[in-house]
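Full structure from sequences and hints, please.
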Amino acid sequence: MAEAAKQQQRVVKVSRAQLPLSCPLPEDSLWNMHPRVYLPVEKTGEAVCPYCSTHYILQD
Numbered sequence: 009m010a011e012a013a014k015q016q017q018r019v020v021k022v023s024r025a026q027l028p029l030s031c032p033l034p035e036d037s038l039w040n041m042h043p044r045v046y047l048p049v050e051k052t053g054e055a056v057c058p059y060c061s062t063h064y065i066l067q068d
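Every position in the sequence shown, counted from 1, becomes a number in this note's numbering once 8 is added.
The set of hints was computed from the structure by calculation and includes no laboratory data. Don't take every hint at face value.
As the list claims (entries may be wrong) - Label pairs and their computed distance ranges (CB to CB):
| # | residue 1 | residue 2 | range |
| --- | --- | --- | --- |
| 1 | D68 | W39 | 27 to 37 Å |
| 2 | R18 | T52 | 15 to 25 Å |
| 3 | S61 | P34 | 15 to 25 Å |
As the list claims (entries may be wrong) - Pairs of lysine to aspartate or glutamate, DMTMM-like flavour, derived with a Cα cap of 20 Å:
| # | residue 1 | residue 2 |
| --- | --- | --- |
| 4 | K21 | E35 |
| 5 | K21 | E50 |
| 6 | K51 | D36 |
| 7 | K51 | D68 |
Glycine residues also receive a C-beta, built at the ideal position from the N, C-alpha and C atoms.
This is the structure we're talking about:
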């Protein structure tokens, strides 16, 4: 089951211009929104949203 969840995980590449990073992103559909959460992507270069499991990767 974990493999299926990994395959469905959304991956989003973000730039430093988009920081501070929050999920959901402004361009996401309103019907699909959860409470806004700010993600600390600066230190490790990636972060995962605790609500929707979207995986964000910081591009330099």
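Evaluation of the provided hints:
Hint check: D68 to W39, Cβ distance near 33 Å, so the stated range 27 to 37 Å holds. Between R18 and T52 the Cβ separation comes to about 18 Å, which falls inside the hinted range of 15 to 25 Å. The hinted window of 15 to 25 Å between S61 and P34 holds, with their beta carbons roughly 19 Å apart. The suggested pairing of K21 with E35 holds, with an alpha-carbon distance near 14 Å, which does not exceed 20 Å.
Between K21 and E50 the alpha-carbon distance is near 13 Å, which keeps this suggested pair within the 20 Å criterion. Restraint check for K51 and D36: the C-alpha separation of about 25 Å exceeds 20 Å, so the hint is violated. Taking the CA atoms of K51 and D68, the gap is near 12 Å; set against the 20 Å cutoff, the hint holds.
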